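Asks: The chain contents come next:
There are 2 protein chains.
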Amino acid sequence: MKVEVLKNVFEKNENAAGENRRRLSARGVTCINLLGGAGCGKTSILEAVLPALTKSLRVAVLEGDLATTRDAARIAELGVPVVQLLTEGGCHLNATLIEHGLDRLPLDEIDLVIIENVGNPICPANFDLGEHLRISVLSVTEGDDKPSKYPLLFKGVAAVLLTKCDLLPHTDFDIEQARQDIRRVNPHAQIFETDVKNGAGIEQLAQWILTQCQQPAPPSLCSKE
Amino acid sequence: MKVEVLKNVFEKNENAAGENRRRLSARGVTCINLLGGAGCGKTSILEAVLPALTKSLRVAVLEGDLATTRDAARIAELGVPVVQLLTEGGCHLNATLIEHGLDRLPLDEIDLVIIENVGNPICPANFDLGEHLRISVLSVTEGDDKPSKYPLLFKGVAAVLLTKCDLLPHTDFDIEQARQDIRRVNPHAQIFETDVKNGAGIEQLAQWILTQCQQPAPPSLCSKE
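Sequence order for the protein chains is P and D. Quick note on the numbering used here: the first sequence kicks off at 1 and runs consecutively. Quick note on the numbering used here: the second sequence kicks off at 1 and runs consecutively.
These aren't lab readings, by the way, just hints derived from the structure by calculation. One should not assume that every hint holds.
Same chains, same label: a pair holds when it works inside one copy or across any pair of copies.
List time: in silico DMTMM-like cross-link candidates among lysine to aspartate or glutamate, alpha-carbon distance up to 20 Å [stated by the list, open to error]:
hint : residue 1 : residue 2
1    : K155      : E88
2    : K55       : D174
3    : K155      : D172
4    : K55       : E193
5    : K12       : D174
6    : K12       : D166
7    : K197      : D145
8    : K12       : D172
9    : K197      : E19
10   : K155      : E203
11   : K197      : D166
12   : K155      : E193
13   : K155      : D181
None of these values were measured; they are calculated from a predicted model.
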């Protein structure tokens with residue numbers, strides 16, 4: 001009985017996700033789902049990379065949080081259209097929330113929608129939102145054991161961002177070990193070493209995202225259709 | 001219908017949690033549930049504080065993880081009895097898993113059981129495990145906005161550990177702001193500033209845990225009985 005209900009919940013989400021993806025693809029809009037634990041630096045990465053992206057793309061952001069509109073306010077400061085999606089305690093975004101967020105964006109005037117998911121390294125990975133690709137974020141202060149301990153966060157993502165690399169000298173994070181462990185879970189992910197304090201890796205990340213958006217049809221890594 | 005089933009899931013967990021708490025209290029065993037995001041330093045804090053605790057207490061650890069037995073291996077190195085509880089992708093521990101963990105411990109020879117929950121700042125807070133008190137962990141590299149953005153993690157806990165304080169000079173974490181925000185969510189929580197590299201705050205934390213265990217009856221902050 002319980003299994004049946006859970007199946008329905010996932011099915012309902014997958015249907016809504018498929019609908020979101022079709023809606024975005026039909027308008028030539030690429031959609032990225034940005035995942036990672038709380039405080040891994042997702043919003044800071046967006047603040048760093050958005051100015052480079054908006055030179056050649058029309059970008060909008062959907063900000064997922066349990067509470068507060070702090071992150072949306074940070075993005076709005078950059079002049080980028082943003083909608084704050086509050087889960088009110090919920091541990092992940094779902095495709096229906098994204099649908100409502102997309103309703104509030106002028107999709108015909110947008111090339112790229114970036115969804116910043118709720119800070120949680122586990123649950124969000126289970127929910128397709130209708131994105132075309134996923135990017136995972138792991139800060140070096142979290143420890144190099146995380147790719148092995150949270151494999152789902154790294155599986156099937158197009159890229160992994162190692163953040164806060166300016167703190168590497170102050171941690172025992174082994175970047176080669178982390179790269180190997182990520183590769184074991186996901187041999188194809190692009191790995192970027194970034195640091196928003198000095199801007200390391202940001203230009204490369206921006207270039208890579210631009211390339212993803214220039215694919216003739218947006219890639220469908222997460223698509224099950 | 002969906003609400004009904006979710007209600008049953010929580011009810012079932014609460015019943016099992018109450019059972020665990022009665023079982024522990026009857027033997028004079030105190031139980032602490034340690035919560036926090038992935039990589040916030042929960043296992044490192046245990047490694048630092050256990051040698052101080054085991055001087056006067058018989059301690060056991062239940063290690064919660066999605067995958068791998070790495071954390072249990074780190075605790076076993078200290079000669080402390082430990083059981084690894086694997087959720088196999090699940091985002092939180094539940095009271096039934098704890099019951100199975102307790103079955104594997106010689107409870108009559110133990111004074112304190114510490115449960116290290118899955119690294120997730122959201123879901124574990126919703127599940128009573130039968131603990132007597134909760135401790136939340138927040139690393140300063142996660143950012144001082146977290147108490148406002150993840151209030152449930154800080155609500156109703158007996159103590160908050162600010163970890164990795166050796167990295168404070170390299171971050172823009174405002175410790176006074178964090179203290180104020182924690183106080184707003186939870187005026188009674190003890191707040192410890194810790195750093196396992198230099199041992200800061202560890203002796204104070206150990207002393208405070210010892211005091212909790214010496215209460216005539218273990219405190220029941222989370223009890224709904």
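Asks: Could you run down the list of hints and mark each one as holding or not?
Replies: Going down the list of hints, with the structure as the test:
In this assembly of identical chains, the alpha carbons of K155 and E88 lie at most 20 Å apart only when taken from different copies (15 Å versus 27 Å within one copy). Within a single copy, K55 and D174 get their C-alpha atoms no closer than 35 Å, and across copies no closer than 33 Å, so neither meets the 20 Å cut-off. Proximity of K155 to D172 under the C-alpha cut-off of 20 Å is found in neither arrangement, the shortest distances being 24 Å within a copy and 32 Å between copies. For a Cα distance limit of 20 Å, the shortest separation of K55 from E193 qualifies neither inside one copy, at 22 Å, nor across copies, at 43 Å.
Within a single copy, K12 and D174 get their C-alpha atoms no closer than 41 Å, and across copies no closer than 42 Å, so neither meets the 20 Å cut-off. Taking identical chains as interchangeable, the C-alpha atoms of K12 and D166 are never at most 20 Å apart, the minima being 42 Å within one chain and 46 Å between chains. For the homomeric pair K197 and D145, the shortest alpha-carbon distance between copies (18 Å) is at most 20 Å, but the shortest distance inside one copy (24 Å) is not. Neither within a single protomer nor between protomers do K12 and D172 lie at most 20 Å apart by alpha-carbon distance, with minima of 43 Å and 42 Å respectively.
When the C-alpha separation of K197 and E19 is checked against a cutoff of 20 Å, the pair qualifies neither within a copy, at 38 Å, nor between copies, at 50 Å. Within a single copy, K155 and E203 get their C-alpha atoms no closer than 25 Å, and across copies no closer than 40 Å, so neither meets the 20 Å cut-off. In this assembly of identical chains, the alpha carbons of K197 and D166 lie at most 20 Å apart whether taken from the same copy (7 Å) or from different copies (18 Å). In the homo-oligomer, the alpha carbons of K155 and E193 lie at most 20 Å apart inside one protomer (18 Å), although the nearest pairing across protomers, at 35 Å, exceeds that limit.
In this assembly of identical chains, the alpha carbons of K155 and D181 lie at most 20 Å apart only when taken from the same copy (11 Å versus 35 Å across copies).
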